[in-house]
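S.K.: Reconstruct the complex from the two isolated chains, following the hints.
Quick note, the sequences are listed as chains A and B, same order.
Residue 1 is where the first sequence starts when you use my numbering, and the numbers rise one by one after that.
Residue 1 is where the second sequence starts when you use my numbering, and the numbers rise one by one after that.
Just so you know, these hints were derived from the structure itself, not from any lab.
Among the hints, a few may not be true.
Unchecked claim - Sample of chain A residues at the chain B side, in silico, Cβ under 7 Å:
#1 A27
#2 Q38
#3 V61
#4 A80
#5 L81
#6 N133
As the list claims (entries may be wrong) - Okay, the calculated bits of chain A under chain B, using three or more residues with CB under 8 Å as the criterion:
#7 43-57
#8 191-198
Treat the numbers as computed from the prediction; the structure is a model and nothing was measured.
Positions of the beta carbon are idealized from the N, C-alpha and C atoms, including for glycine.
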Amino acid sequence: MAAFGTAAGRPLQGRGGSPGFSFTLFAVLAVVVMYLDQRAHYIERVRYVLQAAAYPIQLAVNSPPTARRWLKESFATRDALESDNARLRARARDLELLAMRYDALARENGALRGLSAALPPVADRWLAAEIVNLQMSSLRQRMLIDRGASNGVFEGQAVLDESGVIGQTTHVGPWSAEVILITDPEHALPVRIERTGLRTIAVGAGDASSLALPYLPSNADVHGGDLLVTSGLGGVFPEGYPVARVTEVHRDAVQPLAQVRAAPLAHVAADAEVMLVWFRQGQPAAPTPPPNAAGDLPAGNPAMQPLPAPHQPAKAPAGHTPEATAPQEPPQ
Amino acid sequence: MSAASPLGRMLLTAFLGLILTVLPLPSWLEVVRPAFLVLTVLYWSVNAPRTGGIALGFFAGLALDVFQGPVLGQHALALALVSYITVREHQRIRSKPAFQQSLLVFAALVVYELVVFAIDGWTGHPVTSSLRWIHCVTSAVVWPPVAALLSYTATNPFGVTRRS
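Extracted from the complex, chain B is given alone in its bound form (with noise of 0.2 Å):
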């Protein structure tokens, strides 16, 4: 956290989420694969509340509804929520054990989802498969490696996302 501002660095890792996100798979890992731009934002939210905050959420959401929302602003609204909560708690989080951070980001996975969820019901588009909340799961194992991956690009200014 020694740069001035780290809003390169979040740009470019909330596009490398997005990227990872939209990334065609094969349909098995399809339904496990973590919801990387979350936790791209929830990283944001919690180590960096200044910079990216909500509007990161929001527009992170944003992006995401345009390669994959039924309605513009459904993943939006989730994201904001998300991110408004995590930058409110952010002190309490990142003070946290790793593996207690995961549980948390577990419970914020489970809020994003509900919202998704229940704006997918209210539009017309109820997917009520219980496979959808398998990315709750996956995104809380894959939460430490990935902080770890985060905070390497926010302490190591110098390193390849200096082009940013």
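So here's chain A without its partners, still in its complex pose (with noise of 0.2 Å):
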């Protein structure tokens, strides 16, 4: 590598032009490409395609705990499969149990608000869906499952498993969607405290084993052990459905604010599945769906209305409650 004499500065013979003209260029498309994805969500298509073509890098990239999982299985013992079964049956019977006394629940409830006949379940259809790849870093909690637009899944899908909520999807591919965890530090969750209905914002921590309450005062009726279920709010899950309970409250003479860690119920690090949930458009305590960007603003001067929902309705910024932009209506 004798030296060609290139001085910094100077422009480097071979392809291209100099360093500073092509990095202008790049930079400017770079700054291009970031508006147009973020402001105007031009480019979904681009993305939608980008994320096909990553698919299987992704998939590669997790064959091997995929491979050890498979593995393990495959040479499970007689016994472990018989101990298995058996608590699957204990568990099977435990809930139709529970399901017995729901219909007489849910007549009952029809009674009380003065329906002819019971209103149908909230949830309109599931789709079980494999962890392809979970990202579980103090600063990034995603995963990857194994469905996308192919199977009807939209973006702001709320992903459940069966003891909670786990998070809601991000980015949609043809064969596959990224998801965001609830204890992701970006996300924040509309509940209200089961036993007090008192509604805050749950607010990832950035750790798989905990979420923190910060926009509760420091008087608020909370105590450890408490059980936090989905307000309603924010249009992406329906109320009532489990996220986590009260592990510590630490209140301080000198702060306004109480400092409340709750422990969520899912299990997202144990799970291979989860769970997408459509819900039933109409039923009361389905979410509504987030409005369709600009077009949806009320009339009048654009700069004097309140700021369109962000695309993804559940993440609120801090200070900024969702409770206090949009009370949801029910559509009957």
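M.R.: The following block contains the structure:
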């Protein structure tokens, strides 16, 4: 590698222009792409194609854990399978007993609301999805699932497991979708304390085993062990799904806000499968779909209107509560 | 650097860097994981500034955005900037001993993370935890072995990378 005598700053010989020129070109290109992606959502299609292209790599990258799990399952002993079977049988029986009572309760609820028939369940359709990739760093808690737009998955769809809320889809590709977990530091979820009905927001703490409730005043009625359920605001999750259990409440006399932590009920790290849920439109508890960009703004001077709902409604920036902006109205 | 164009090796090693960057790891390892793709781009910007240069940085960053960016173009801009700086200064960097190169790599990664951090903030995804800066240190630490490995592939055209 002989020296060609190219001093720093002088154009390099060979392909391309000078570094300064091509950097300017690429920087402008990057900024334009960012603007289009962030503000205008013009390149949804590009993202869709890129996500499809990335999916084989993500599958390949995750193949060692999948292979290990497959090996473990295929060499499971007879005893393990039998005990598993017995446990599942017992659980199915318990759930059947609960469901028996549920029908009576649903009818009673309908009668109390003055309806002639019981309301149909809020969940219309379920789809099991396998976890392809799980990122559990303190900055990013995301997972990739093997269902995408070809299965009817849409952006901002609720993802649950059998014990609680897991998260919602953010980017949907043709055969895969990225899910932001409720424990991601960028995720905020409108919740209600089941015991008292107090509504607040649960923010991810970047830790798979804890959520923060940063907006509760220090005199709020909250104890360790309280159950948090979704409040139905925000347009993604319906009302009443279990989210987390309060683990610690720290009150400081000089601080206006209590520091409350809660442990999510869903066990993402232990799951191999999650459930995607479609909710019945028209059911009073169903979430209203988020408005489509700027077209849904009320008439008037756009500068004087409240901002359109962010395209992921459960993500609320700090200090900005969804309760304050858009009380949900039942469609009926 | 005997081969006519290291483009094939460049793309292959960038692909490996991308795989190492998106490989699922336990969360404590995830925080300290070096930015392998950035290191690869830095290496090629210093050692083959004519072949890859800023275009390599841009497209590697775009690939990273698809996997883990909140907005397309974020890592592309950061990596294009970092590779621009290194392409400009490649002769000075190349002549430094490994330890000083590590310090420069640390500085480059701080610039890179600063750009990513700023764009995170502007696009409304602020992650202010100081943990995000740790990988600058670990990347600088692993720079000498990574650079040695990459230069091994560069001087060994009949090695494993031959089929590229």
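S.K.: Next, verify each hint and record whether it holds.
M.R.: Hint check:
no. : hint    : in the structure
1   : A27     : holds, 6 Å
2   : Q38     : holds, 5 Å
3   : V61     : holds, 5 Å
4   : A80     : violated, 25 Å
5   : L81     : violated, 28 Å
6   : N133    : holds, 6 Å
7   : 43-57   : holds (count 8)
8   : 191-198 : violated (count 0)
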